[in-house]
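Visitor: Single-letter residue listing:
There are 2 protein chains.
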Amino acid sequence: MSLFGISLKSRRPKTAQTAKDRLQILLAHERGRGSDSPDYLQDLQRDIVQAVRKYVDIGLDDVDVRMDRSNDISSLEINVEIPSAAAKSAKKS
Amino acid sequence: MSLFGISLKSRRPKTAQTAKDRLQILLAHERGRGSDSPDYLQDLQRDIVQAVRKYVDIGLDDVDVRMDRSNDISSLEINVEIPSAAAKSAKKS
Numbered sequence: 001m002s003l004f005g006i007s008l009k010s011r012r013p014k015t016a017q018t019a020k021d022r023l024q025i026l027l028a029h030e031r032g033r034g035s036d037s038p039d040y041l042q043d044l045q046r047d048i049v050q051a052v053r054k055y056v057d058i059g060l061d062d063v064d065v066r067m068d069r070s071n072d073i074s075s076l077e078i079n080v081e082i083p084s085a086a087a088k089s090a091k092k093s
Numbered sequence: 001m002s003l004f005g006i007s008l009k010s011r012r013p014k015t016a017q018t019a020k021d022r023l024q025i026l027l028a029h030e031r032g033r034g035s036d037s038p039d040y041l042q043d044l045q046r047d048i049v050q051a052v053r054k055y056v057d058i059g060l061d062d063v064d065v066r067m068d069r070s071n072d073i074s075s076l077e078i079n080v081e082i083p084s085a086a087a088k089s090a091k092k093s
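Here the protein sequences line up with chains H and V, keeping their order.
In terms of the working numbering, the first sequence is residues 1 to 93.
In terms of the working numbering, the second sequence is residues 1 to 93.
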């Protein structure tokens, strides 16, 4: 069962194609009953942005992060706008 | 506008708390008009699973990956079931 209550198939809203590439990453960590596991989403978020930068040249201002936390679920949304010349391997001259 | 057509707030289905911790990661890469950027979601997925393993001890069979691709959007869903004794820093004896 998806923590986000949606399936991969039904997700894409019909929107006009944008000029820029966009990357969106959603993370949800659900803690089980009695779990005292630490909340590592913020550390994971930093690692993921670092991983994205291996593939595209983005600056910190291209990345927008939102967090949400209830008692048993922490969730995080990372939105990245990718300048068109940013893709690292596509534009090998 | 969320590539998944949902906002972070409205996402958590009301389900009974599970026994195990769960981590779900959704990635969507929308290519802009005329973009010929390569599809790096699979490489990014490998990097993300590696990053998750810094925080929790998981085996390959704890990770379920699903991919979906239309002409301008590639999306990826990573579901991780985390065995209760797996959290690395929480259980320091």
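To be clear, the hints were calculated from the coordinates, so they are not data collected in a lab.
Since the structure is predicted, the reported quantities are computational estimates derived from the model, not experimental observations.
Incorrect hints may appear among the rest.
Since copy identity is lost for identical chains, a pair holds within one copy or between any two.
Within a straight-line C-alpha distance of at most 25 Å, the following computed SDA-like cross-link-like pairs (lysine to any residue) qualify [as the list claims (entries may be wrong)]:
no.	residue 1	residue 2
1	Lys54	Asn79
2	Lys20	Asp61
3	Lys54	Val65
4	Lys54	Met67
5	Lys20	Pro38
6	Lys20	Ile73
7	Lys20	Arg69
8	Lys20	Gly59
9	Lys20	Lys54
10	Lys20	Asp57
11	Lys20	Ser74
12	Lys54	Leu41
13	Lys54	Asp72
14	Lys54	Ala19
15	Lys54	Pro83
16	Lys20	Gln50
Visitor: Each hint should be assessed against the structure and marked as holding or not.
Guide: The hints, checked one at a time:
1. Lys54 <-> Asn79: For Lys54 and Asn79, the Cα distance is within 25 Å both inside one copy (16 Å) and across copies (23 Å).
2. Lys20 <-> Asp61: within (15 Å within a copy, 36 Å between copies)
3. Lys54 <-> Val65: Answer is both; intra-copy 19 Å and inter-copy 21 Å each pass.
4. Lys54 <-> Met67: both (24 Å within a copy, 21 Å between copies)
5. Lys20 <-> Pro38: Between. Shortest inter-copy distance 14 Å satisfies the 25 Å Cα cut-off; intra-copy 36 Å does not.
6. Lys20 <-> Ile73: The answer is between: 12 Å across copies meets 25 Å, while 32 Å in one copy does not.
7. Lys20 <-> Arg69: between (30 Å within a copy, 18 Å between copies)
8. Lys20 <-> Gly59: Close inside one copy (15 Å), not across copies (37 Å); limit 25 Å.
9. Lys20 <-> Lys54: Answer is within: at 18 Å inside a copy they meet the 25 Å cutoff, but 32 Å across does not.
10. Lys20 <-> Asp57: within (13 Å within a copy, 37 Å between copies)
11. Lys20 <-> Ser74: Answer is between; shortest inter-copy Cα gap is 15 Å, intra-copy 29 Å.
12. Lys54 <-> Leu41: both (20 Å within a copy, 12 Å between copies)
13. Lys54 <-> Asp72: Answer is between: at 21 Å across copies they meet the 25 Å cutoff, but 32 Å inside does not.
14. Lys54 <-> Ala19: Result: close within a single copy only, 22 Å intra versus 36 Å inter.
15. Lys54 <-> Pro83: within (15 Å within a copy, 30 Å between copies)
16. Lys20 <-> Gln50: This pair counts as within: shortest intra-copy Cα distance 20 Å, inter-copy 28 Å.
Taken one by one, the earlier hints all hold for this structure without exception.
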